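Engineer: Using the sequences and the accompanying hints, generate a full structural model.
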Amino acid sequence: MNFCKLLILIIATIGLSTAKAEQFGKPVDSASLLKISTIMAAPDTFLEQQVTIEGTVVGVCAKRGCWMTIASDKRFQNLKIKVNDGDMVFPMTAKGSKAIATGQLNKIQLNLTRTKALLAHRAQQAGNVFDENTVTEPMAIYQLVPTGVEIFE
Amino acid sequence: MSKTKRKINGYQLNRSLHRDVGYFCIGLVIIFAVSGIAVNHKDDWNPNYRIEQVLISASAKKWSLDDDTKLTHQLLAVSETNEKVKASYWASPTQFKLFFKNGNNLLLNLKDHQIVYEKITPRHVFQAFNRLHLNETKASWVIFSDIFAALLIFLALSGLFMIRGKHSPWGIRSLWILSGIALPAVYILM
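Here the protein sequences line up with chains A and B, keeping their order. Residue numbering for the first sequence is 1 to 153, as defined by my numbering. Residue numbering for the second sequence is 1 to 190, as defined by my numbering.
Don't take every hint at face value.
To be verified - Straight-line Cα separation of at most 30 Å, DSSO-like style, residue types lysine-lysine; simulated pairs: (1) A:K63 with A:K80; (2) B:K84 with A:K98; (3) A:K63 with B:K84; (4) A:K80 with A:K116; (5) A:K98 with B:K101.
Simulated from the structure, these hints should not be mistaken for lab results. Computed from a predicted structure; not experimentally measured.
Structural biologist: Next comes the structure, spelled out in structure tokens:
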């Protein structure tokens with residue numbers, strides 16, 4: 001192998017390795033990979049353990065890059081991953097890319113007022129009519145607090 | 001050959017150090033100040049991206065709702081875009097999204113018969129400034145930021161010994177110094 005071929009091989013190797021994925025935080029743990037639909041079917045059972053999820057990035061915090069929503073394997077379902085401002089900054093260009101995230105599931109129990117406000121916001125985003133009198137029980141929301149995230153091109 | 005012993009003049013040394021450290025800090029002060037303004041007003045203005053939305057009416061179209069590939073082609077044709085598609089996603093039974101490789105995206109809303117084309121343009125300079133200001137780079141930047149903070153403290157303190165005489169900060173001009181301390185103190189105590 002002459003020098004030129006060796007140089008091309010080195011450049012190609014570097015190029016492939018850097019273009020593969022963008023990593024945030026610690027390495028992800030593929031061994032604990034679970035379907036988002038499995039987690040969301042019984043979220044309370046996953047609160048105390050480390051889980052890894054994967055899916056397409058369908059939403060990113062536009063201002064601080066502090067959260068992303070990952071599409072579930074189940075239609076119309078997704079899971080938000082949320083970090084403290086500045087811990088990881090997810091780029092808006094990640095939308096539509098595949099991502100893997102390892103972390104701990106976090107439960108946020110809302111009171112009735114906040115539940116109504118959240119559901120009203122979701123209805124407004126979906127273009128649906130919302131009657132707050134139909135909501136009588138407070139709900140909880142779940143989000144993954146990641147220790148590591150990988151976003152693939 | 002005569003030997004002359006140079007006496008170190010503390011006053012001159014302080015002025016020289018204040019001058020050179022000041023020169024060194026110019027770039028960083030500007031970056032942190034500009035980024036600080038941008039981050040302070042992030043609720044009114046997105047410092048990292050310019051996001052433009054274009055609404056396209058899609059009222060008279062019969063969409064292929066049972067075939068995502070056909071629907072994607074229809075959407076690209078109607079919106080007259082030839083951008084490369086990265087992924088598609090049904091956000092709800094009435095909202096279908098297309099994500100393009102250049103970061104832009106397109107939302108078909110079947111409820112109000114509208115397509116929303118969202119163009120996302122990164123503000124590279126502000127992104128870089130904010131990255132430094134908010135310390136997204138971590139580790140090594142923490143050390144550098146600490147040094148920079150120490151240099152700013154040096155500039156503040158050495159500034160007290162820059163000028164002698166009637167313009168020194170030890171006479172009537174000490175009111176400026178006291179005002180600078182009082183202002184944040186009053187704000188905290190209020």
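Engineer: Hint by hint, note whether the structure agrees.
Structural biologist: Now the hints, each set against the structure:
As the CA atoms of K63 of chain A and K80 of chain A are separated by approximately 16 Å, the hinted pair is consistent with the 30 Å bound. For the given pair, K84 of chain B sits about 16 Å from K98 of chain A by alpha-carbon distance, which is consistent with the 30 Å threshold. With a C-alpha separation of about 25 Å, the suggested pairing of K63 of chain A with K84 of chain B holds against the 30 Å cut-off. Among the hinted pairs, K80 of chain A with K116 of chain A is consistent with the structure: their alpha-carbon atoms are about 19 Å apart, no more than 30 Å.
For the hint linking K98 of chain A to K101 of chain B, the alpha-carbon distance of about 12 Å falls within 30 Å, and the restraint holds.
Hint compliance for this structure: no hint is broken.
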